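2 protein chains.
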Amino acid sequence: MRQIEVGGGASYRVTVGAGLLGQLHVPHRHVALIHPEDLPPAFVAQVQASVQPVVTIPVPARDDCKTLTVLAGVLSTLAAANIPRDGAVVGLGGGAATDLAGFAAASYLRGVAFYTVPTTLLGMVDAAVGGKTGVNLPEGKNLVGAFWPPQAVWCDTDTLATLPSAVFREGAAEAYKHGLIADPSLLGRVTSPDFHAGGPTLEGTVADAIAVKAGVVTRDLTEKGERAFLNFGHTLAHALEAVTHHAISHGEAVGYGMHYAARLSRALGGADLTEHTLTFLRWQRPAPLPPLTYDDAAPYMARDKKADADGVRFVLLRDLAQPYLGRVPEPVLRAEFEGWQAEVRGL
Amino acid sequence: MRQIEVGGGASYRVTVGAGLLGQLHVPHRHVALIHPEDLPPAFVAQVQASVQPVVTIPVPARDDCKTLTVLAGVLSTLAAANIPRDGAVVGLGGGAATDLAGFAAASYLRGVAFYTVPTTLLGMVDAAVGGKTGVNLPEGKNLVGAFWPPQAVWCDTDTLATLPSAVFREGAAEAYKHGLIADPSLLGRVTSPDFHAGGPTLEGTVADAIAVKAGVVTRDLTEKGERAFLNFGHTLAHALEAVTHHAISHGEAVGYGMHYAARLSRALGGADLTEHTLTFLRWQRPAPLPPLTYDDAAPYMARDKKADADGVRFVLLRDLAQPYLGRVPEPVLRAEFEGWQAEVRGL
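Here the protein sequences come in this chain order: A and B. FYI, in this note's numbering the residues of the first sequence are 1 to 347. FYI, in this note's numbering the residues of the second sequence are 348 to 694.
Isolated chain A (complex conformation) (with noise of 0.2 angstroms):
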């Protein structure tokens, strides 16, 4: 079992470790407990039987809880069974049952307690720390929500073993890109044949995966500085997945956009860091891109991060744990998804 703590505006801990689940320990009398209606029977049993709920709520699955109807239901359901100022919300699943959970737990009596317990690779190395809650609306997504950083979190790595292998690969992106960013002794680790659910080094690898972002957003808590860097990759990720209408997802999609990320810092006089990226790609075996052209997505890149007349504004990378924001002018943008394309296309 594996500890960190995460500091800033709130203080919390984040355990992660095998057979988490039965050992939750939410010291509140009325809880709530919300969940996909999807996740495996034993996983919300074991939690009701170690927070002993007054009420469980199912949601819809995936990204089909984080609506504000869903949240509606949600909320009213926490109000007739009277959970007090002083009760808590616990969310238990992938990362947007827990944004969902989290923001009902924000704006519900103006806030009560909170406490995630993701069940996804990608909903333990990105989602479950850093506050960030919310619910998408029909012009996007993520554009409704509250800053209410839990009060614990619970990784339970025995989870990840119901999970697809193409999720269970999807969500490694991000700890790779925490890699990339901070760690580098993660990029070994993320393709090695070991890092797989139940393998030996699964809970060291998600521990020093989640370390990087709980530093990150101790340091910087409500996203004005360095946090930004944790959007490595995710520029053109953001495009990708906004041309393909969310038909690619979202650790495929950074997984591709790390690998353009590399090739643009590489290209404005950083360190090569492209045999890296590339490495993960072949290990991640994501969907294959549709037919795409840089005007497709170039839009979508500088709605992202702002644009001006000096060029696009991307996180990049000196060298390994060396991120830098920088602006990258038009023609390399374009030169660049070209040979990307080629390359990422040859995989």
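Treat the hints as calculated values from the structure; they're not laboratory data. Certain hints may be false.
[Unchecked claim] Simulated coverage check for chain A against chain B, where a stretch passes if three residues somewhere in it have a Cβ under 8 angstroms from a Cβ of chain B:
(1) 109-117
(2) 139-148
(3) 157-165
[What the hints assert, rightly or not] Chain A is faced by these chain B residues, among others (derived, beta-carbon under 8 angstroms):
(4) L422
(5) A426
(6) A453
(7) L456
(8) G481
(9) E486
(10) L490
[As the list claims (entries may be wrong)] Under the rule of at most 30 angstroms between Cα atoms (straight-line distance), these lysine-lysine pairs were calculated in the BS3-like manner:
(11) K132/A - K479/B
(12) K141/A - K488/B
(13) K488/B - K132/A
(14) K479/B - K141/A
Here the structure is a predicted model, which means the values were calculated and not measured. Virtual Cβ for every residue (Gly too), placed ideally from N, Cα, C.
Add chain B to chain A, keeping to what the hints say.
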């Protein structure tokens, strides 16, 4: 013109005076203006001229705007108008509209800047200061929201001239309450014939009433201690609102509730302040109460502030400006209810 500083976790200034609507200073390029659809068009036009909103969003009048459905429409409109993270929301209107606008500001993009422009006496004296924002649920009022203090509050006393007299007198209840708990100089001023829209004492009395709440909020931003004193009169008021399904307005319920709390205070050994609270009721001329028994109201009072075997917790007064939290035994609650009812029905 009077200015009141609010401190605590957030700092902002409340400006009270005539002719402010056309002089608002909102230093953001992208501003959204939210107002009730029944607000006088001249108010909207003046604010539009001074803050140059990129989008103006009318919402249903009074509490009809405080729903998650209306909130969803407002948030989508903000997104469709591309209000960015450094944009701002201006809430113009009564307490309901500014509560909704504040919660939209709190949750859009996880929080953008918020400015309040209350146009009712209740909105100025109560809702505009303290940072509480939110909407209602079918299960109850104000069950969803956020603490999201504004950047600035402008109370244009000219707007009060369009209020129906009963609405003005309703709003005076909170000002009178601030007199009872903290500033006895307000008592005679609120019930003086000079205190009306356009009257000579309006600006100073409104400003002093706001100053009481500003002082409490500055010392107790998140409602752990002293802030509870602002609930003087509210335990019975909430019960009256609930029992009558809000046929009684909040300000009138508070008027009735203050007299009950004054009777309870006297019964537990405090000074006799009931002549003050009766004087206020005679000045306010609230709508008559429907038939009502102690047993109708008691469950709502017990819920409001938590009850246990020792009685129900109430905000009480030892004397003027000497509030405290006390437990009132059930026989006292019942006996004083009968006496209170006889008095207020005889007004």
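To see whether the hints hold, each was checked on the structure:
no. : hint            : in the structure
1   : 109-117         : holds (count 3)
2   : 139-148         : holds (count 7)
3   : 157-165         : violated (count 0)
4   : L422            : holds, 5 angstroms
5   : A426            : holds, 4 angstroms
6   : A453            : holds, 7 angstroms
7   : L456            : holds, 6 angstroms
8   : G481            : holds, 6 angstroms
9   : E486            : holds, 4 angstroms
10  : L490            : holds, 5 angstroms
11  : K132/A - K479/B : holds, 21 angstroms
12  : K141/A - K488/B : holds, 29 angstroms
13  : K488/B - K132/A : holds, 26 angstroms
14  : K479/B - K141/A : holds, 26 angstroms
The structure shown violates just one earlier hint, number 3.
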